[in-house]
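Student: Going down the list, the sequences are from chains A and B. Counting the first sequence from 1 gives a position; the working numbering is that position plus 144. Counting the second sequence from 1 gives a position; the working numbering is that position plus 3.
A hint or two may mislead.
List of simulated lysine to any residue pairs, SDA-like, C-alpha gap at most 20 Å [what the hints assert, rightly or not]: (1) B:Lys-257 <-> B:Met-282; (2) A:Lys-229 <-> B:Arg-111; (3) B:Lys-257 <-> B:Glu-290; (4) B:Lys-50 <-> A:Arg-296; (5) A:Lys-229 <-> B:Gly-77; (6) B:Lys-310 <-> B:Glu-136; (7) B:Lys-184 <-> B:Asn-8; (8) A:Lys-346 <-> A:Glu-419; (9) A:Lys-414 <-> A:Gln-338; (10) A:Lys-414 <-> A:Glu-425; (11) A:Lys-229 <-> B:Ser-108; (12) A:Lys-427 <-> A:Glu-196; (13) A:Lys-229 <-> B:Phe-112; (14) A:Lys-346 <-> A:Trp-424; (15) A:Lys-229 <-> A:Gly-389.
If you're looking for bench data, these hints aren't it; they were derived computationally from the structure.
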Amino acid sequence: MPRTVLEPRFQVEHLSILDSEGHLDAALEPTLEPGELRALWRAMLLGRRLDERMVRLQRQGRIGTFAPIKGQEASQIGSAATLRKTDWMVPSFRETAAMIMRGWPIEKLLLLFAGYLEGAEPAPDQHDLPITIPVATQLPHAVGLAYAAQYRGDDAVVMVFLGDGATSEGDFHEAMNFAGVWQVPVVFVCQNNQWAISVPLKKQTHSRTLAQKALAYGVPGLQVDGNDVLAVYAAAREAVDRARGGGGPTLIECITYRLGVHTTADDPTKYRSDEEVRAWERKDPLTRFRAYLEARGLGEPGLEATLDAEIAEAVRRFEATPPADPLAMFEHVHAEPPAHLRAQREDLARRLAARGAPSPADPGAAPPRATPMRGQRLTRR
Amino acid sequence: MPKLNMVKALNLALFEEMARDPDVLVLGEDVGVDGGVFRVTDDLQRKFGSQRVIDSPLAEAGIIGTAVGMALYGLKPVCEIQFSGFAFQCFHQIENHAARYRARSRGRFHCQMVIRMPYGGGVRALEHHTESEEQFYAHIPGLTMVVPSGPRTARALLAAAIRDPDPVIFFEAKALYHAAKEDVPDESETLPLGRARVAREGTDLTLIAYGAMLRVALEAADTLQSEDGASVEVLDLLTISPLDREAIVASVGKTGRAVVVHEAPRSFGPGAEIAASIMDGAFLSLEAPVRRVTAYDVSFVGFAREKATVPDAPRVVAAARETLAF
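Just chain B, same shape as in the assembly:
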């Protein structure tokens, strides 16, 4: 069982899925010879050739638009958008077509494709390199929106996304790429899409997080345990849409208190949908209002100010304490 960081784990999943299915292709900017700017596609072109690992022209709509065509033909493209901040140049291809083709053609066509994008802050990068914009994709019917939280979930979810018959937006937290190594099983594994995971069990409060914010939530849970004696459950969503409401309701139904943590701006973000789902499913169990710890509703702050808006453990701890004391 090798210990891999998230980059290596994702790379392993791509190797495995390409070896498993000749219809799986990789395309994007710099994904071939260079192995991607984060090296997630490293060595794939050497192994599978330039017809299957395509260094595309620099054009996001071209990448996603041609991938839609490939998928309509029956191939299973895995696209890389270099940074999620650039995906607005292909957003129309995602919303107008990838997400809709199954419905538009009454099931005659579908788009089995994965769109990988690095997202989020913490890497001292320029504008359009630090955003967390999962809410746009989570809102679109027909799309699945996945955010792994570490090497093992990344490898298993990417394999599942590639095998899923519908389009999957796959967000990779840049802050996690090299953050930690995890044991990854020798054999290929998948995790079901649309299912959250209890990352830590507890009874007093539920922290709901995903992606890079899982670390923050776990750190906050440690502090709350050691300093307050609070037993905190941490839910790792893994899939944002379709949202695992059942897991959320089950956890909050048990703890009666919930704090949602995300890196996306607050208004109309995933936290709003999560809070509404708790209202729908666990209202009578609630001991306190659902709190959100999120980035502020600002467009770009520059990495010199980034720490002030991206949630960290002290902010989560503070919100959790207010919730526990309510």
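So here's chain A without its partners, still in its complex pose:
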């Protein structure tokens, strides 16, 4: 018997609408009102300004290890902007810009990276999960949320973020497979920033694209220019609408680049060249979108200063936070603390009282400084 061809070919599309040279494909341009375009710009610029500020705060020892997003603003904002408040967003740990857009207060994210549990607590009405650090493990959660939404008859869509490295994890494949089998309303947004710490994409996979990995699961996969906010928005809009309409999951691969360090504990000069970084700086998502807006008469001079003031105000509120009450660690381990945990709490309470620890309510006490990383300068505030 001859071999029968079952899947003669598969196609993976790449979508680009506004390229780094400023060329616009008007036929593909998403229909966005001026207010919506300005909101995208504001969120991207806020993401960038906050990111740069947070790196400085870490260098000064005012927050702990932080994973910067610089260069990935369009991927995050273009996708998250397609969600309704009642939809769900499931971040990994490099989605600061998208989290701010979803309503996380800046000072809460500062608290998170300053080691406060309080920084990961979503507001009661917020449909956002806190960050997940073990790579790809948040992906099945998103599929489960989407299953639950469908089970309850809610029309919510779930958007979950991952990086290129995550596509090597088993949880990625299990989540994609479950989502495909169950046909649940979930959109996987892969920020392919080319580097998983020091490991480049070509050592991560032998596939031509990451988008095509979806096809093995019977799920649509699309690659977009992740530094083109219009393309990301258009792709996410299509995927979110399809999911909401009962059309099941989608994987969107955003081709982008981490312009900064993996985390503030990383030194990327060890594994990648300055030339490469400079080449990607020329594809900066902010540069081309700013030019696009200015050409349409939607530029907002002075917005940087406004956003910087907003960030400064949030930093001030963050730094006014009382020191973390050690006893709070015993809250929320279980719904009701079991006897042994109550005893351990009492033990700590006695020790704290004996050494005369400052009351957590004491407004004069400064928050503890994060331990500096190797090579990090500890400057005075």
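Position chain B against the provided structure of chain A, taking the given hints into account.
Tutor: Chain B alone, transformed into the frame defined by chain A:
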């Protein structure tokens, strides 16, 4: 009051809880049409439909990971891991997420979910089908680790686990599935999690056991009574974590002697924590060192050698006699 074996009793609890609460779902490998490889979920899909009784793809991390997502949304999934030996493929979802979400989100989210797993030997099975690994789960803050010892406790504890707002690891001894039938009340009942039960009262020595080892302890207690005239108290832990230290201390405080029996390997096993709890709470009552009768610290022996490592009544009797004679 019907007489049911443990499989039927667990199945009854699932029926009752699903009928009681539309947020309760069952998911796992072969749990639907097939009713689970041990038939614990038999007929549930026929009654409640394939949206509530989900034949999942064959992937443990996918099962537990999606169940975490369902629980974060407010559903109450009951997951079946086909054998506890396969749970290491979802251990990260249990430790990293199910156990931590309440703390991580400061109570905004929690995982009301049950993870059922058959565990233990005695069924002439291959590797990864005979292990007893409760110690891994008992060590994790935020988890409740439950091991029923027979049909009635299984049904009542499973109902309690499903209703509990926090994640529960629910170990079912394969050796007990079809071992004995017990009277099970017509009305649904629950037992409090975190509470041990005195299975047999006595005054000279306390045997502390759970799951399939309860039978072994009771058999040993019979022998010690009839051959030695010793009055042996048998404590059935039912919940490993949080451990009912109060019940342990009360019993050993009375008898002054304790032998812990478990099927898990000895080192760093539940027996160590139990012995330490006795030191903390009943040291001055002790007449003898606390003894442990456990499996040896070997990874896998094959069922042809299994009887040599899994505790049996003669080993427990021997340890108890040494303790009584100390």
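Student: It remains to establish, for every hint, whether it holds in the given structure.
Tutor: Hint-by-hint comparison with the structure:
1. B:Lys-257 <-> B:Met-282: holds, 14 Å
2. A:Lys-229 <-> B:Arg-111: Cα-Cα ~17 Å, so holds.
3. B:Lys-257 <-> B:Glu-290: holds, 11 Å
4. B:Lys-50 <-> A:Arg-296: holds, 19 Å
5. A:Lys-229 <-> B:Gly-77: holds, 18 Å
6. B:Lys-310 <-> B:Glu-136: holds, 17 Å
7. B:Lys-184 <-> B:Asn-8: Holds. Lys-184 (chain B) to Asn-8 (chain B) sits at ~4 Å (cutoff 20 Å).
8. A:Lys-346 <-> A:Glu-419: Status holds; Cα separation ~18 Å.
9. A:Lys-414 <-> A:Gln-338: holds, 15 Å
10. A:Lys-414 <-> A:Glu-425: Status holds; Cα separation ~19 Å.
11. A:Lys-229 <-> B:Ser-108: holds, 19 Å
12. A:Lys-427 <-> A:Glu-196: holds, 18 Å
13. A:Lys-229 <-> B:Phe-112: holds, 18 Å
14. A:Lys-346 <-> A:Trp-424: holds, 17 Å
15. A:Lys-229 <-> A:Gly-389: Judged against 20 Å, a Cα distance of about 17 Å means the pair holds.
Violated hints: none; the structure is consistent with every hint.
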